[in-house]
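Engineer: Under my numbering, think of the first position of the sequence shown as 1, with each following residue one higher.
Rather than coming from a laboratory, the hints here were simulated on the basis of the structure.
These figures come from a predicted structure and were not determined experimentally.
Here a beta-carbon is modelled for each residue, glycine too, at the ideal position from N, C-alpha and C.
Treat the hints loosely; a few may be bogus.
Calculated pairs, SDA-like style, for lysine to any residue (alpha carbon to alpha carbon, straight line, at most 25 Å) [claimed, not checked]:
| id | residue 1 | residue 2 |
| --- | --- | --- |
| 1 | K342 | D375 |
| 2 | K236 | Y187 |
| 3 | K108 | A3 |
Ranges of calculated distance between the beta carbons of each label pair, as one might list FRET restraints [as the list claims (entries may be wrong)]:
| id | residue 1 | residue 2 | range |
| --- | --- | --- | --- |
| 4 | N68 | N604 | 27 to 33 Å |
| 5 | S369 | S316 | 55 to 61 Å |
| 6 | V211 | G155 | 36 to 42 Å |
| 7 | T56 | P114 | 27 to 33 Å |
| 8 | N68 | I536 | 33 to 39 Å |
| 9 | T613 | L126 | 34 to 40 Å |
| 10 | Q106 | T210 | 42 to 48 Å |
| 11 | T56 | N610 | 34 to 40 Å |
| 12 | E158 | H281 | 23 to 29 Å |
| 13 | P113 | H281 | 38 to 44 Å |
| 14 | S408 | S369 | 21 to 27 Å |
| 15 | P113 | T60 | 20 to 26 Å |
| 16 | H281 | V112 | 43 to 49 Å |
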Amino acid sequence: MGASITLAGESLIAQKQSAQQPLTVSRFILANVPGLDPTSPVDRAAPKPAAHLVGTYDITQKGFVNPNQIVYSLMLGSDIGDFDWNWIGLETAENVLLAVAYVPLQQKRKNVPPLQIGNNVTRNFLVVFDGAQALTGITIDAKTWQHDFTVRLHGIDERERMSNHDIFGRVCFFGDGFKVEKVGSGYQLKPGVAYVEGVRIELNKAFPITVSALPTPVYLDVSLQRELNDTVASWKVTYGGDDYTDSSGVRHYCVAIAYLKTTDTTDFRPTEPINGPLIEHLAARVGDYPQLRARATTKDDVELGNLPNAISDDDSTNSSMILATTKAVNAVRVFLQQAIDKLISGVTAVGKAKQLETARRLSISGAGSGSTSFDGSANVDIQLSLADMVAPSTYTKVTVSAKGLVTSGAGLSAGDIPGLDWSKITSGKPTTVETYGINNALITGRPTDQRPILTSPNAGGFDKGGGSIELREAPNSGGSKDYSYAPRMIFHWGGVYAGDFGMDAYGELRWLSGRLWTEHNFDPNTKADRTSVAPIATLDQVSAGNDEFSIVTPKTLRWGFSINLAANGYIAFPRWMGGLIVQWGNAYITVNNTQFLFPIGFPNACFVLNMGTGEDTSGQVEVMNVRAGSVTKAGFVGLATSASTYGYIAIGY
Numbered sequence: 001m002g003a004s005i006t007l008a009g010e011s012l013i014a015q016k017q018s019a020q021q022p023l024t025v026s027r028f029i030l031a032n033v034p035g036l037d038p039t040s041p042v043d044r045a046a047p048k049p050a051a052h053l054v055g056t057y058d059i060t061q062k063g064f065v066n067p068n069q070i071v072y073s074l075m076l077g078s079d080i081g082d083f084d085w086n087w088i089g090l091e092t093a094e095n096v097l098l099a100v101a102y103v104p105l106q107q108k109r110k111n112v113p114p115l116q117i118g119n120n121v122t123r124n125f126l127v128v129f130d131g132a133q134a135l136t137g138i139t140i141d142a143k144t145w146q147h148d149f150t151v152r153l154h155g156i157d158e159r160e161r162m163s164n165h166d167i168f169g170r171v172c173f174f175g176d177g178f179k180v181e182k183v184g185s186g187y188q189l190k191p192g193v194a195y196v197e198g199v200r201i202e203l204n205k206a207f208p209i210t211v212s213a214l215p216t217p218v219y220l221d222v223s224l225q226r227e228l229n230d231t232v233a234s235w236k237v238t239y240g241g242d243d244y245t246d247s248s249g250v251r252h253y254c255v256a257i258a259y260l261k262t263t264d265t266t267d268f269r270p271t272e273p274i275n276g277p278l279i280e281h282l283a284a285r286v287g288d289y290p291q292l293r294a295r296a297t298t299k300d301d302v303e304l305g306n307l308p309n310a311i312s313d314d315d316s317t318n319s320s321m322i323l324a325t326t327k328a329v330n331a332v333r334v335f336l337q338q339a340i341d342k343l344i345s346g347v348t349a350v351g352k353a354k355q356l357e358t359a360r361r362l363s364i365s366g367a368g369s370g371s372t373s374f375d376g377s378a379n380v381d382i383q384l385s386l387a388d389m390v391a392p393s394t395y396t397k398v399t400v401s402a403k404g405l406v407t408s409g410a411g412l413s414a415g416d417i418p419g420l421d422w423s424k425i426t427s428g429k430p431t432t433v434e435t436y437g438i439n440n441a442l443i444t445g446r447p448t449d450q451r452p453i454l455t456s457p458n459a460g461g462f463d464k465g466g467g468s469i470e471l472r473e474a475p476n477s478g479g480s481k482d483y484s485y486a487p488r489m490i491f492h493w494g495g496v497y498a499g500d501f502g503m504d505a506y507g508e509l510r511w512l513s514g515r516l517w518t519e520h521n522f523d524p525n526t527k528a529d530r531t532s533v534a535p536i537a538t539l540d541q542v543s544a545g546n547d548e549f550s551i552v553t554p555k556t557l558r559w560g561f562s563i564n565l566a567a568n569g570y571i572a573f574p575r576w577m578g579g580l581i582v583q584w585g586n587a588y589i590t591v592n593n594t595q596f597l598f599p600i601g602f603p604n605a606c607f608v609l610n611m612g613t614g615e616d617t618s619g620q621v622e623v624m625n626v627r628a629g630s631v632t633k634a635g636f637v638g639l640a641t642s643a644s645t646y647g648y649i650a651i652g653y
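I would like the entire structure built from these sequences, with the hints used as guidance.
Structural biologist: Put into structure tokens, the structure is as follows:
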């Protein structure tokens, strides 16, 4: 099937988009064009086939699929007909043919009971172009009304079948319904109702069956079949087979109902004696039901006939002829609960707990000793006394066992602390690290002549100072430490002297003797000549063309330029170039006084329209004239000597 937007429709869409006007599609047009090939491409320049129109109908429904796709629907009921069609068109409120589709020959028939069954027809036309939803102003989602009820109706039928299956099982015959009986030398099915896999079948009168040979089984083949606009239960008699699905996708359920022999007939039907509404059958059912919780209402029925009728509230009664009431049972429950509560609270001594009636002694021995008495009435503490391991004294050196016990003690000797000035131990508390003999610590809190050096992980460091960063008061290495220079940071790199960062005698920061510029000694606002930087020109300045001191950006140069390279196209130059617009198109005309629209409307005026020539069906050159005074900013009215396509060029601004 071929379908496309026409050239006239394409031009109208472009015009509406340019003018920011809504596009209104009003009607479907149906035609029966002789010899039309539905697989051929649509002739986008052809008008509607006026001589072959069979009907024009307003749009029934419309909605958007997405921002660039709009669907229009036509719904024809069974009260419309009779006609055939193979050409569908969409026409706008301006009578412009917007889109066309070629389809195989379609039939529309009116319902004329009982002579003819009519049909309902729904046809959808999907139109696709950029900004379709915005241009048409359609806000209804097509999903709200584009429904196919086939699947839903099938689902309803299937749910009903499964519900019946839950009630009646795979097969259930009411009474003698569909029972095979012999009548004379033949056989027949008795009337009645049955459910097969949830499908209800009914036989209103006896149905004769033909048996070709005996013995033979007899089956019912049951299914749900489509019939016109409905789905009905269908059945037939067969002589064997399993459930199957036919070529139309319909499921068939096959059940055996009898086995016929020359001597007798065996009935295979699962039956229920139902001869009225099912609820009445279930409510009135009598008999013995093993799955019920109780089968009767008397003592004898539940085998309790030998129990006496006497009852008593006295929990002290000891008789096999009297039944205890709930009051008596509750008294026993209360007594037992009180006894249990006493056991839990400890008021009543039971079992091994009774042994705690005599208090027991708990003792600890070994590295420590202690004891206490315990009778279970309360928590107890044991006072632990540790055995003496060493003589009481003050020790600077102790020996500890694996269990954490001090087993011996002594004083420190010089050998215990090698490398220290032993005299400091007895001469008083040291005040500096030097007094401990530590000479390589960084001094803090007072002046020092030490030079902190940050060294690399390489063994030995570097040649220059032995590190990568060095803090000192001299720019170069040397033995003397008496310098009057301000602090410096010396940088070394790869064994070479890289430079130093410090402050000179005037308070200026320097790197390698060069001054560092900061906002205190350098003002950028006084160094940069802002008046020498050209400003950015506005679009109005570019259009005026009088400014020699501004810069034009690429965005401004590009603004306002547009082009559409198509069979009906245009080139629009920006405003600063005068706003010139050149348009071209191909106008197909069959009758005089036909209105043609430019690809886009001229904002101000069209001052040149030049028409080309066309050819008739014999190849003869034909011309199209423009009706005097018909040229507007939107289009023109054509007058032609013959039906043909004529090219044109229009210039305006």
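Engineer: Next step is simple, just say for each hint if it's right about the structure.
Structural biologist: To see whether the hints hold, each was checked on the structure:
no., hint, verdict
1, K342 to D375, "18 Å, holds"
2, K236 to Y187, "15 Å, holds"
3, K108 to A3, "21 Å, holds"
4, N68 to N604: 27 to 33 Å, "31 Å, holds"
5, S369 to S316: 55 to 61 Å, "58 Å, holds"
6, V211 to G155: 36 to 42 Å, "39 Å, holds"
7, T56 to P114: 27 to 33 Å, "31 Å, holds"
8, N68 to I536: 33 to 39 Å, "36 Å, holds"
9, T613 to L126: 34 to 40 Å, "37 Å, holds"
10, Q106 to T210: 42 to 48 Å, "44 Å, holds"
11, T56 to N610: 34 to 40 Å, "36 Å, holds"
12, E158 to H281: 23 to 29 Å, "26 Å, holds"
13, P113 to H281: 38 to 44 Å, "40 Å, holds"
14, S408 to S369: 21 to 27 Å, "22 Å, holds"
15, P113 to T60: 20 to 26 Å, "25 Å, holds"
16, H281 to V112: 43 to 49 Å, "46 Å, holds"
Every hint from the earlier list agrees with this structure, and none is contradicted.
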